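Novice: Chains A and B supply the protein sequences, listed in that same order. For the first sequence, numbering that gives the first Met the number 0 gives the first residue as 0, with consecutive numbering after it. For the second sequence, numbering that gives the first Met the number 0 gives the first residue as 0, with consecutive numbering after it.
FYI, nobody ran anything at the bench for these hints, they're computed from the structure. The structure displayed is predicted, hence computed values, not measured ones. We put the beta carbon where it would ideally sit given N, CA and C, even for glycine. Errors might be hidden in some of the hints.
Unchecked claim - Only some residues are given here: those of chain A computed to face chain B with a beta carbon under 7 Å: (1) Gly10; (2) Ser12; (3) Val15; (4) Gly44; (5) Phe46; (6) Pro52; (7) Ile59; (8) Val66; (9) Leu69; (10) Met75.
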Amino acid sequence: MVDLTDIVFVGMSVVVVGGAISALEAREIVYGAIGLAFSFFGVAGLFFLLDAPFVAVFQITVYVGAVAVLILFTVMLVREGRWMRDSLSSTGRLVGVLTAVVLAVSLALAFAASSLLKTAEQATAPSFTGIGQYIAVQYAPALELLGLVLAAAILGAMMLAKVERKDKP
Amino acid sequence: MTKTILTFRSFVRHIVWLVAWLLVIVAVASVPAYFILDAFGINLLTLISMVLANPQVLPNFMISLTQTQPTESLFLFTTFPGFTFAALFSSILMIWVERKFVAKIQLRVGPQYAGKYGGILQNFADLFKLLFKEIIIPDKADKKVFIAVPLALMFVAGSLLALVPAAPDFYIANPSVGVIFVFALIGLSPIIALLAGWASNSKYSFLGGLRALHQMVAYEIPMILSVLGVVVLSGSLSLVSIVEAQSGIWFILLQPIGAIVFFVALLAELERIPFDLPEADSELVAGWQTEYSGMTFGIFTLATYIKFYALSGVFTVFFLGGWFGPSPVPPEVWFVLKTFLVMLVMMLPRAVMPRVRIDTLLRGGWTKLMVLTFVNLFLALLIVSLGLYHAGGL
Chain A
0 MVDLTDIVFV GMSVVVVGGA ISALEAREIV YGAIGLAFSF FGVAGLFFLL DAPFVAVFQI
60 TVYVGAVAVL ILFTVMLVRE GRWMRDSLSS TGRLVGVLTA VVLAVSLALA FAASSLLKTA
120 EQATAPSFTG IGQYIAVQYA PALELLGLVL AAAILGAMML AKVERKDKP
Chain B
0 MTKTILTFRS FVRHIVWLVA WLLVIVAVAS VPAYFILDAF GINLLTLISM VLANPQVLPN
60 FMISLTQTQP TESLFLFTTF PGFTFAALFS SILMIWVERK FVAKIQLRVG PQYAGKYGGI
120 LQNFADLFKL LFKEIIIPDK ADKKVFIAVP LALMFVAGSL LALVPAAPDF YIANPSVGVI
180 FVFALIGLSP IIALLAGWAS NSKYSFLGGL RALHQMVAYE IPMILSVLGV VVLSGSLSLV
240 SIVEAQSGIW FILLQPIGAI VFFVALLAEL ERIPFDLPEA DSELVAGWQT EYSGMTFGIF
300 TLATYIKFYA LSGVFTVFFL GGWFGPSPVP PEVWFVLKTF LVMLVMMLPR AVMPRVRIDT
360 LLRGGWTKLM VLTFVNLFLA LLIVSLGLYH AGGL
């Protein structure tokens, strides 16, 4: 008996993998960015399926709402006709396929060897208040370190922008 | 449109293409069919297995299908807080109200001839005009994205509508992370504007799309931060619980700064005057909607006004106590009245204000509103930490 969960899972997986493939393979680079956004949407759907609405909604807010917009914007600024007009050489293609196969097999073996496949028992879905308490109490040092890293990134970006402006006459 | 099949290669491609479309259509149609039938109390999978095992079940099923009643969830989706009401209220009534209201403030008459009173049928006339107009797709436009953009905007508007609770029992969805959900959906609109501008392949559209992107990104963050105070006070991210926390006192009285910042950010998000730079009609024709004609433009207008209604409803939920009001009037009516009022106040600047400049707009969003939201959050934390307020009353 096929469960509805399985149907939705397969549908979402198709969206994720199809979006990722089109993100890599699209000739028009904007289509690639749209495919990436679809892939992020599919991942959000998978999180919904896993009873984690908090993570799913943040997946949409951060990845589709911010990262995909940033990528689209950057891509449009440098738009120069059609990209990737010349196809890959056959050796390059062979090496790529071989790398992908090796990576996929090794990842599958690693998953099979780990204990991930055995944790099938029903766990209670974590609420966002619980996540917030964990972050604010137990992992507070990590949170503050992350804040420092972000602040450093913003300062670096500002420095770069300033240097660029000085170069201009 | 038929394609001639000349070679074996094109034949194979044709077959693969057909199978792919068939798979997509089945996958897209089967899941909604499952849920709709589930709402009527019929499980599609058990039904199929029963029919396969015993073909005589099918006539009985046909009989039972004619006897089922539409359920409440279907009513919610389609009728009251859902799509039909919002579309009629926001696009038919509110467009007329807006035209008449702005005209009266500016000492004009407004629509006058269609219909018995005050040109109330003018919108229907405009709708039929749009329906019969040709949809022109520019020659150099990217056709797929060009057609997909109005549908995507409609998707965002309809999804926002599903999150707004209109009364204790009248809501479509009440996720535990409703507030973030609202902002996730709002965050999709810059992509849509940018893609519309890019796909039209016109300089006006592209400039409008870039302006929309800058404006929406600049105002999204103050918008999210201004609601944090409400979240702190109500202790919940669910829209229904936020309304229930306002049974004693409305949050606009405890969070006036947050309400003002949220209101301004809403105006910018909805691209209404004074923040209508993305569709500045004196400079950019119609901004990122320039190349859209006929009913695609109609869909843009409908989606914009549904979004307008939904976000006014969100303002009502956050700051004006949602459905609460003196008792003889039912809560649904209170919600609609308050939303109507918010929409009217949002229309006011259109009548009297000029458009702001882009640098003023961006500086205002990134610096002034941001500082105000932090002041507001500090006030909310002060109220809670001094023990002046607990969710549900003073």
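Novice: Now look at each hint and say whether the structure bears it out.
Specialist: Right, here's what the structure says about each hint:
no. : hint  : in the structure
1   : Gly10 : holds, 6 Å
2   : Ser12 : violated, 12 Å
3   : Val15 : violated, 14 Å
4   : Gly44 : violated, 11 Å
5   : Phe46 : violated, 11 Å
6   : Pro52 : holds, 5 Å
7   : Ile59 : holds, 4 Å
8   : Val66 : violated, 11 Å
9   : Leu69 : violated, 9 Å
10  : Met75 : holds, 6 Å
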